[in-house]
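Let the hints inform the model, and build the full structure from the sequences given.
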Amino acid sequence: MLEMNPEIVCDVIARSREFHAKEEVVIPEEPGNPGDDWAMQILADHADDLTYLDLKTQIDDLDPEQQVQLVALMWLGRGDYEADEWDMAVEDAKDNWTPTTAEYLIATPLVSDYLTEGLALLGYSCED
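In this text, residue positions in the sequence shown follow our numbering: the first is 1, and each later residue adds one.
Because the hints were derived from the structure by calculation, they are not lab data.
All the pointers check out, no bait thrown in.
Pairs of lysine to aspartate or glutamate, EDC-like flavour, derived with a Cα cap of 20 Å:
(1) K94 - D80
(2) K56 - D11
(3) K94 - E3
(4) K94 - D84
(5) K56 - E18
(6) K22 - D54
(7) K94 - D60
(8) K22 - D113
(9) K56 - D113
(10) K56 - E7
(11) K22 - D11
(12) K94 - E82
(13) K94 - D61
(14) K94 - E65
(15) K94 - D63
(16) K22 - D49
What follows is a set of in silico ranges between Cβ atoms, one per label pair, in the way DEER data are often shown:
(17) L53 - L110: 20 to 30 Å
(18) P64 - E7: 13 to 23 Å
(19) M1 - K22: 28 to 38 Å
(20) D84 - L50: 33 to 43 Å
(21) P64 - M88: 10 to 20 Å
(22) M1 - G79: 12 to 22 Å
(23) P64 - E85: 20 to 30 Å
(24) D49 - D87: 30 to 40 Å
(25) T98 - M4: 15 to 25 Å
(26) M88 - L50: 34 to 44 Å
(27) D49 - E85: 28 to 38 Å
No residue lacks a Cβ here, since even glycine has one placed at the ideal position from N, Cα and C.
Here it is, written out as structure tokens:
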């Protein structure tokens with residue numbers, strides 16, 4: 001069961017769509033895990049981008065448990081886990097949590113789609 005307000009996830013989805021829709025944002029591959037530093041290297045090019053900074057700040061301001069929930073939702077929506085494996089996804093995300101979780105999420109291609117799908121698999125929606 002999702003242990004954070006789905007509206008927070010919906011806001012992250014909206015902001016990530018806005019950032020990823022920019023033409024200059026090119027993220028070449030799927031990330032391996034949250035501990036890899038490739039995400040920070042790729043996103044360094046966007047350090048002055050206000051859309052990026054807004055999204056990064058929003059995720060950084062979440063407590064670690066909420067960040068873990070976001071990562072688990074992304075993995076669920078990406079198909080790494082089934083809905084009945086939610087608790088395992090959360091535990092794995094907790095085991096892999098780092099202070100660079102925001103960069104990991106933002107640097108994931110299709111993160112907004114994965115989060116949307118993850119919410120749907122748990123019975124939530126961003127539609128009013």
